[in-house]
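Protein chains: 2
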Amino acid sequence: MGQIHAYQMIAKDKPFEQLEFTIPEMREGEALIRVAGCGVCHTDLSFWHYNVPTRHELPLVLGHEISGTVLDGPPELEGKPVIIPAVLPCGNCELCRIGRSNICQNQKMPGNDFHGGFASHIVVPARYLAMVPESALVDHTLAELAVIADAVTTPYQVIVKSDLQSGDFAVVIGVGGIGIYAAQLAKIFGGMVLAIDISQEKLDCLSGVDISTTLNSTGLEIREIKNQVKGICRELGAPMFNWKIYEMSGTRAGQELAYALLGIAGTLSIVGFTMDKLEVRLSNLMAFDARVIGTWGCKPELYPEVINLVSEGKLKLKPFTETFPMSRIDDIFQQTLEHKLVKRSVLIPDFEGLN
Amino acid sequence: MGQIHAYQMIAKDKPFEQLEFTIPEMREGEALIRVAGCGVCHTDLSFWHYNVPTRHELPLVLGHEISGTVLDGPPELEGKPVIIPAVLPCGNCELCRIGRSNICQNQKMPGNDFHGGFASHIVVPARYLAMVPESALVDHTLAELAVIADAVTTPYQVIVKSDLQSGDFAVVIGVGGIGIYAAQLAKIFGGMVLAIDISQEKLDCLSGVDISTTLNSTGLEIREIKNQVKGICRELGAPMFNWKIYEMSGTRAGQELAYALLGIAGTLSIVGFTMDKLEVRLSNLMAFDARVIGTWGCKPELYPEVINLVSEGKLKLKPFTETFPMSRIDDIFQQTLEHKLVKRSVLIPDFEGLN
Numbered sequence: 447m448g449q450i451h452a453y454q455m456i457a458k459d460k461p462f463e464q465l466e467f468t469i470p471e472m473r474e475g476e477a478l479i480r481v482a483g484c485g486v487c488h489t490d491l492s493f494w495h496y497n498v499p500t501r502h503e504l505p506l507v508l509g510h511e512i513s514g515t516v517l518d519g520p521p522e523l524e525g526k527p528v529i530i531p532a533v534l535p536c537g538n539c540e541l542c543r544i545g546r547s548n549i550c551q552n553q554k555m556p557g558n559d560f561h562g563g564f565a566s567h568i569v570v571p572a573r574y575l576a577m578v579p580e581s582a583l584v585d586h587t588l589a590e591l592a593v594i595a596d597a598v599t600t601p602y603q604v605i606v607k608s609d610l611q612s613g614d615f616a617v618v619i620g621v622g623g624i625g626i627y628a629a630q631l632a633k634i635f636g637g638m639v640l641a642i643d644i645s646q647e648k649l650d651c652l653s654g655v656d657i658s659t660t661l662n663s664t665g666l667e668i669r670e671i672k673n674q675v676k677g678i679c680r681e682l683g684a685p686m687f688n689w690k691i692y693e694m695s696g697t698r699a700g701q702e703l704a705y706a707l708l709g710i711a712g713t714l715s716i717v718g719f720t721m722d723k724l725e726v727r728l729s730n731l732m733a734f735d736a737r738v739i740g741t742w743g744c745k746p747e748l749y750p751e752v753i754n755l756v757s758e759g760k761l762k763l764k765p766f767t768e769t770f771p772m773s774r775i776d777d778i779f780q781q782t783l784e785h786k787l788v789k790r791s792v793l794i795p796d797f798e799g800l801n
Numbered sequence: 447m448g449q450i451h452a453y454q455m456i457a458k459d460k461p462f463e464q465l466e467f468t469i470p471e472m473r474e475g476e477a478l479i480r481v482a483g484c485g486v487c488h489t490d491l492s493f494w495h496y497n498v499p500t501r502h503e504l505p506l507v508l509g510h511e512i513s514g515t516v517l518d519g520p521p522e523l524e525g526k527p528v529i530i531p532a533v534l535p536c537g538n539c540e541l542c543r544i545g546r547s548n549i550c551q552n553q554k555m556p557g558n559d560f561h562g563g564f565a566s567h568i569v570v571p572a573r574y575l576a577m578v579p580e581s582a583l584v585d586h587t588l589a590e591l592a593v594i595a596d597a598v599t600t601p602y603q604v605i606v607k608s609d610l611q612s613g614d615f616a617v618v619i620g621v622g623g624i625g626i627y628a629a630q631l632a633k634i635f636g637g638m639v640l641a642i643d644i645s646q647e648k649l650d651c652l653s654g655v656d657i658s659t660t661l662n663s664t665g666l667e668i669r670e671i672k673n674q675v676k677g678i679c680r681e682l683g684a685p686m687f688n689w690k691i692y693e694m695s696g697t698r699a700g701q702e703l704a705y706a707l708l709g710i711a712g713t714l715s716i717v718g719f720t721m722d723k724l725e726v727r728l729s730n731l732m733a734f735d736a737r738v739i740g741t742w743g744c745k746p747e748l749y750p751e752v753i754n755l756v757s758e759g760k761l762k763l764k765p766f767t768e769t770f771p772m773s774r775i776d777d778i779f780q781q782t783l784e785h786k787l788v789k790r791s792v793l794i795p796d797f798e799g800l801n
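If you're matching them up, the sequences are chains A and B in order. Under our numbering, residues 447 to 801 are what the first sequence spells out, in order. Under our numbering, residues 447 to 801 are what the second sequence spells out, in order.
Be aware that a few hints might be false.
Which copy? The list can't say, so a pair holds if one copy fits it or any two copies do.
To be verified - With a Cα cut of at most 27 Å, we get these calculated DSS-like pairs of lysine-lysine:
(1) LYS676 / LYS554
(2) LYS789 / LYS762
(3) LYS723 / LYS672
(4) LYS458 / LYS723
(5) LYS786 / LYS676
(6) LYS672 / LYS460
(7) LYS672 / LYS526
(8) LYS526 / LYS676
(9) LYS676 / LYS460
(10) LYS458 / LYS554
(11) LYS764 / LYS676
(12) LYS633 / LYS762
(13) LYS672 / LYS633
(14) LYS460 / LYS789
(15) LYS554 / LYS633
(16) LYS458 / LYS676
(17) LYS458 / LYS786
(18) LYS633 / LYS676
Because the hints were derived from the structure by calculation, they are not lab data.
All chains, please: the whole structure from these sequences, using the hints.
Here it is, written out as structure tokens:
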């Protein structure tokens with residue numbers, strides 16, 4: 447072996463370039479992983495199309511939502527299936543020590559700080575690799591589990607940080623690739639869930655995971671949506687305060703709606719990203735004793751809890767995940783950009799001469 | 447006796463009208479209190495000048511920052527000096543039960559829901575009255591302690607909610623009647639405190655409580671202030687992340703600065719109120735794993751902790767408090783409105799024929 451096959455980003459909107467390079471010399475604490483699957487995330491599109499610069503200069507292999515099998519590294523991991531956390535903290539700094547490792551300033555992210563997962567293999571720090579038990583591989587392939595590395599764990603951390611309690615009213619705005627898991631997780635935590643989107647197709651998908659309370663907000667004014675949401679809350683018998691609102695759409699419209707829904711003792715979680723600013727009365731937070739919390743990635747310490755939920759069959763990934771051969775990377779990026787794919791795409795390495 | 451003497455608000459900006467009324471029949475669980483002092487708060491000015499409506503219709507006796515002595519009520523309280531919490535929760539609802547009593551929707555506020563403290567006596571629910579131990583009356587008069595009921599406890603709850611830890615960098619924007627206590631409390635909690643204001647006079651006051659790190663932001667651009675704040679943080683040897691920012695000015699400029707200072711793992715507390723909106727990029731919260739929390743009043747459960755800090759001599763109220771006879775109410779409201787008074791004013795009843 448000795449070679450890594452990969453697709454690297456050359457420049458904005460350009461086709462990915464296939465390359466081969468020698469497996470870098472492994473340092474203490476690193477692991478060599480054979481990639482099972484790598485998810486296509488909105489962050490990858492930010493790099494490829496929306497002018498967000500990668501921290502490592504181009505050309506660079508993108509991809510940070512990776513599952514695979516350890517080929518070389520710490521003996522206890524060898525041969526084991528793992529998820530690579532999208533954010534790999536240093537584990538030693540002040541932020542890591544106060545439980546904020548997800549925002550560690552020395553953190554490394556595959557496909558951003560170094561060559562990522564759109565490849566046959568990857569070398570990463572081994573410290574935070576999350577073991578995948580056999581039980582998690584009954585209903586899902588290892589490739590499908592790649593989405594845990596970002597699409598699932600990010601909303602998991604959000605739900606935990608928002609302190610969602612059983613019986614709370616949980617409003618998820620935007621049930622795309624990440625929001626779908628926010629909605630599922632909110633339900634698993636005991637929340638009374640309302641999903642809002644402008645795509646009826648996405649809302650319809652939710653019935654597969656037993657979430658039937660949805661609102662298609664297409665063409666509605668914020669005031670009207672607010673009235674409908676209040677009515678739904680009342681119908682569900684949920685409290686009219688202490689709402690947990692999750693903004694997953696990453697759009698100005700979504701954020702405006704989310705902020706408008708914030709009331710007494712409410713918590714708004716900002717998960718979707720947009721460069722757009724909006725006009726808000728911050729003092730509302732004071733008058734409502736409310737808060738807005740942002741959350742970046744997920745600390746690796748929480749990964750085992752998420753993998754457990756999948757193992758126990760509580761959290762379903764399969765209905766929202768679709769796998770493609772990695773050789774279709776250009777096509778899949780383009781289709782994702784054009785919002786043509788309803789499910790999260792995971793690319794599976796299919797380089798010639800490998801397997 | 448049998449009569450309460452008071453000053454009531456008739457209409458916006460109009461002189462207060464002196465009145466006498468019979469002490470209302472006391473119900474189970476209520477207490478009759480002889481007012482020692484009642485502070486003049488910005489909220490009173492909101493009612494009197496800034497068109498914020500009181501919940502009870504006018505005319506109404508304002509004033510919610512009250513200390514006094516229990517004349518009648520539960521036997522264990524009779525004859526005892528007490529602070530009346532500015533926010534009196536019901537104690538039974540869902541919000542009270544989940545520890546959010548400060549935002550209880552059945553809460554009553556003196557001088558807003560019923561006749562307040564600019565009076566000789568007041569009748570209030572006895573449940574949450576905070577006992578004042580002898581030790582708190584060594585350095586302060588009972589009248590001076592009135593400011594605990596809002597000016598001091600509100601920032602106390604803020605500091606607690608922001609999870610300020612020893613060694614954190616704490617930035618207090620606006621060191622007026624409430625900010626001055628936020629700064630003191632942040633220091634007591636072990637924070638490395640920087641106070642920012644546009645009034646040199648207010649900043650100078652801080653030396654009396656051993657806070658020497660100040661920044662007069664008059665005429666400075668936000669970018670410039672930000673650079674100076676970073677420099678100060680570095681000089682203090684405080685961490686460059688996880689900043690605790692307290693916006694106490696209740697101005698658009700203050701909030702804009704506060705939001706701009708928010709960085710990695712930061713917490714911005716919104717305490718000052720303004721109707722002004724501002725344009726913000728909410729997604730910064732996601733990118734920084736940061737949060738903005740609003741806080742309304744202070745739950746009565748925290749009052750004993752604050753009174754303890756005063757008893758122990760750690761928290762100083764006297765340098766920032768000035769007492770006046772209550773008969774000067776018109777004059778003091780006017781001067782407060784015109785920002786002519788640097789210290790918090792407490793009005794002491796001086797009705798003829800009483801005492």
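Against the structure, the hints:
{"no.": "1", "hint": "LYS676 / LYS554", "verdict": "between (42 Å within a copy, 25 Å between copies)"}
{"no.": "2", "hint": "LYS789 / LYS762", "verdict": "within (13 Å within a copy, 60 Å between copies)"}
{"no.": "3", "hint": "LYS723 / LYS672", "verdict": "both (21 Å within a copy, 20 Å between copies)"}
{"no.": "4", "hint": "LYS458 / LYS723", "verdict": "within (24 Å within a copy, 37 Å between copies)"}
{"no.": "5", "hint": "LYS786 / LYS676", "verdict": "neither (32 Å within a copy, 45 Å between copies)"}
{"no.": "6", "hint": "LYS672 / LYS460", "verdict": "neither (42 Å within a copy, 39 Å between copies)"}
{"no.": "7", "hint": "LYS672 / LYS526", "verdict": "neither (49 Å within a copy, 48 Å between copies)"}
{"no.": "8", "hint": "LYS526 / LYS676", "verdict": "neither (48 Å within a copy, 46 Å between copies)"}
{"no.": "9", "hint": "LYS676 / LYS460", "verdict": "neither (46 Å within a copy, 40 Å between copies)"}
{"no.": "10", "hint": "LYS458 / LYS554", "verdict": "within (22 Å within a copy, 59 Å between copies)"}
{"no.": "11", "hint": "LYS764 / LYS676", "verdict": "neither (32 Å within a copy, 47 Å between copies)"}
{"no.": "12", "hint": "LYS633 / LYS762", "verdict": "within (12 Å within a copy, 48 Å between copies)"}
{"no.": "13", "hint": "LYS672 / LYS633", "verdict": "within (21 Å within a copy, 42 Å between copies)"}
{"no.": "14", "hint": "LYS460 / LYS789", "verdict": "within (24 Å within a copy, 64 Å between copies)"}
{"no.": "15", "hint": "LYS554 / LYS633", "verdict": "neither (32 Å within a copy, 35 Å between copies)"}
{"no.": "16", "hint": "LYS458 / LYS676", "verdict": "neither (44 Å within a copy, 35 Å between copies)"}
{"no.": "17", "hint": "LYS458 / LYS786", "verdict": "within (20 Å within a copy, 59 Å between copies)"}
{"no.": "18", "hint": "LYS633 / LYS676", "verdict": "within (19 Å within a copy, 42 Å between copies)"}
The structure fails hints 5, 6, 7, 8, 9, 11, 15 and 16 (numbered hints given earlier, in ascending order).
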